[in-house]
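One line per chain: the protein sequences are A and B, in this order.
Start counting the first sequence at 2; every next residue gets the next number (the numbering used here).
Start counting the second sequence at 590; every next residue gets the next number (the numbering used here).
Rather than coming from a laboratory, the hints here were simulated on the basis of the structure.
None of these values were measured; they are calculated from a predicted model.
There could be a bad hint or two in this list.
Sample of chain A residues facing chain B (criterion: CB under 10 Å; computed from the structure) [unchecked claim]:
#1 Thr106
#2 Pro115
#3 Arg166
#4 Leu289
#5 Ile328
#6 Gly331
#7 Ala364
Distance ranges between label pairs, derived from CB positions [unchecked claim]:
#8 A/Gly377 to B/Pro911: 50 to 58 Å
#9 A/Gly149 to B/Gly844: 52 to 60 Å
#10 B/Lys890 to A/Ala157: 40 to 48 Å
#11 A/Val247 to B/Asp927: 26 to 34 Å
#12 A/His111 to B/Pro911: 43 to 51 Å
Simulated coverage check for chain A against chain B, where a stretch passes if three residues somewhere in it have a Cβ under 8 Å from a Cβ of chain B [unchecked claim]:
#13 151 to 165
#14 218 to 232
#15 290 to 301
All C-beta atoms in this analysis are idealised placements derived from N, C-alpha and C, irrespective of residue type, glycine included.
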Amino acid sequence: MSAPPVVRVNSIAGALVIVALALMGQLAWAQPGPDRPVAARQGGAGKVTRKVRLLPVGAAIVPGLLLHGAGHYVAGERDVARRLFVVEGVGLGMAAVGGTQLLVTGASRHFSGPPIALIVSGVGLFGMSWLADLYGVAGGGHSAEAGGAAPLEVEAGYGYVYDPRFAYRQFAVAEASAWLGSTRVAPSVWVALDDDNQRMRLEGTRRLVGAGSARPTGDVSRVELTGAVTHHRYPGHGFAVTTGEVMLGGRLDMGRVGDSLAGSFTELGLGLGAEVTNYYTPGAGANLGELLLARFACGVLIGRPDRVHGEASIYYDHRRDTFTGGISPGTGPGSGFAGFFGADLHLYMGARWGVRALFEQGAARVANLGLLMRFGGSSP
Amino acid sequence: MKGLFVFVAAVFIAGCVRPAEERTLEDLDVGIAEGGGLSIEVDGGAAQVRSIGGGSIQMWAQAPVLRARLRSTAEGPVAIAVENCMPGAELRARDAGGLPLEVTPRAGERATVCRFEVSVPAEADVVLDLAPPDADVIEGFRFAAMGDIQTALPRVEDVFERINQEPGIRFVFSMGDLVEDGRLDEYDLLVEKLALLDVPYFSTIGNHELRANLDRWHDLFGRINVHFTFKGSAFSIVDSGNASLDPMVYDWLDGWLDEAAGSVHVFGTHYPPIDPVGVRQGSFRSRKEAAKLLAMLAGGKVDLTLYGHIHSYYAYSNAGIPAFISGGGGALPEKFDDIGRHFLVIEVDPDLGLGAVGVVRVEGD
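The shape of chain A in the complex, shown without the other chains:
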């Protein structure tokens, strides 16, 4: 009996339903309320001044770790507290439904995609609602304003990958990002300086909702459809991998949830990919495989466009096919299910120059430090 490694229709449908539900929820929630004008949420005109208060911060940790929104509740911001609590509940519910389905079916080959997508998304909502609570009572709601993306941005940088199973460590990194209307094209390449290893990726993103699209949101909220092709060569080890993928993702400006969360955002994305691994050994042929893409992130906007500005985010990515691979929580059990964690910082010193720093921890440790150059002013 064989199980051909093909992308299953039920997996695709299930994942897309989850994405649609999650994004519909985010957007419905994100409709500007009459009491919170967009400008205030952007932090520009309606500047919010907040102080760190120890009691709410403490409450956001205990019992806030379990009861998300406890920090805001103690701070007297009951509406925000309720929303965060609801998000936590939804997240836990999604994870429980996915986990139950996985348990009941024994991770059946026929049904495993949708429940895993539910679990990852649910855990994402759970984590994001707690971080939002903490952010809001720990001096969040700052008056940062998003800077627009430049029509063309180029990065030249250095990458470091520590994976004791591979000889490479040092990489030259080049990336570019060009906006053509509401479509972004982003080629990137990582070339090892101390080994024979090259990773090339071409990413195309269509912004469906948000700044620069036909449906602007007036803040940093957005919905995007991304497709990408990646080719990664390991000649020294006798194989190369080509991956095609598509992902639907969204970003929610958390200022829409409450003034205390202004200047922060959350992201959620789900998708599917297919990869072909070509082995160079004669007779070894190729293997076709599929992969589930799931990612969530929390971030903050930094500064103002006319000064030092940018954004920083922390994220979880469920994929296992990058340099980083999946994390091992330690020497004990638990490896193999999770993807990796990362942190990404884009910081611009004015309109032209910027820096990018990225750290990821999974099966490997990956770091990237790059110099950013922007051309053509500001667009989406």
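Got chain A; can you put chain B on it based on the hints?
For chain B alone, kept in the frame of chain A given last:
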């Protein structure tokens, strides 16, 4: 920003790029022991020395054929007991000059317990060879393969009895997850159940052995990365309990692949490098590492790959090598697969290569 840095620092500290390093290093100490005027060193760590001293040595074999070097401070008889041995195995002993020493076979409690008494000289190296009489005959044979007993350990005798009924099986090749939580009482029960088998059980660990008391595994069974050759066919079983192989294991595997060049070579580990159902990812934590391993196995002309972890049965091909997942030892089963508890029966022949791979279902579910 402070929070961001704290998060990054926490993730970096918590994340482990080489989680199996310590236990892999422990493999190097297996088979080496001394006490009570005796010392022994088993080649390749192919047996765990459970006790030594008082004129006797007790071991657990992790390979069908053992070679060891014994030394005693006093002349006289040494009682040697090897559990998990090949039924009918014979012990030969030679002194440093190659002259045979007197070996008296003793009755074992069951087919897989081999007992001998060896007359050894004082302060002289003695070479011991334990093997079944046909070990050097290059010919085909059959073995069983299985994985993932876990919560079904209390009723695994159904599976073992069925293996005992299968004609011509020489040993069981196991892909790990023999216990659910690694509790000491589970290990006690496991030892009791393994005693029901008429053939030895050679195994690596899975992710469930990592839950607790991994030292117990080393104490009882020895190495978690095992390689041996039997009747002209090579077998490698390696630890992927963290969904990855330790870099040291890649070095060992490199040597084992070279050593087995031209032979039939069977490779086994707990996690499949790549899950045939990609979105599920019950596989290695890095797809690049998975591809590296498979490319290595393909380059080393491995004939068969065997995996566990997924509690079902899959037959497919990875890097052109026939691959089977057999996680039918009884742990929480994958549903809607129409398989249930099972094990594999595999025929190998050094001249003809890989023979038939059959699935034997075990009733009683």
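Against the structure, the hints:
The closest approach between the C-beta of A/Thr106 and any C-beta of chain B is roughly 5 Å, which is under the 10 Å cut-off, so the hint is satisfied. Interface hint at A/Pro115: satisfied, since its Cβ lies 9 Å from the closest Cβ of chain B, which is below the 10 Å cut-off. A hinted interface residue such as A/Arg166 counts as satisfied when its beta carbon comes closer than 10 Å to some beta carbon of chain B; here the least separation is about 5 Å, so the hint holds. This hint holds: A/Leu289 has a C-beta 9 Å from the nearest C-beta of chain B, less than the 10 Å allowed.
Interface restraint check: A/Ile328 against chain B, minimum CB-CB distance 5 Å, threshold 10 Å, status holds. Satisfaction of the interface hint for A/Gly331 is found here, the shortest Cβ-Cβ separation to chain B being roughly 5 Å, below the 10 Å cut-off. The closest approach between the C-beta of A/Ala364 and any C-beta of chain B is roughly 4 Å, which is under the 10 Å cut-off, so the hint is satisfied. The hinted range of 50 to 58 Å is satisfied by A/Gly377 and B/Pro911, whose Cβ atoms lie roughly 56 Å apart.
Restraint check, A/Gly149 to B/Gly844: a C-beta distance of roughly 58 Å satisfies the suggested window 52 to 60 Å. Separated by about 44 Å at the C-beta atoms, B/Lys890 and A/Ala157 satisfy the suggested range of 40 to 48 Å. Taking the beta carbon of each, A/Val247 and B/Asp927 are about 33 Å apart, inside 26 to 34 Å as hinted. The beta-carbon spacing between A/His111 and B/Pro911, approximately 24 Å, falls outside the hinted interval of 43 to 51 Å.
Residues of the stretch 151 to 165 of chain A lying with their CB closer than 8 Å to a CB of chain B number 3, which satisfies the three-residue condition for coverage. Counting residues of the stretch 218 to 232 of chain A whose beta-carbon sits less than 8 Å from any beta-carbon of chain B gives 0, not enough to reach three: the coverage restraint is violated. Beta-carbon proximity to chain B at under 8 Å applies to 5 residues in the stretch 290 to 301 of chain A; the threshold of 3 is reached and the given coverage holds.
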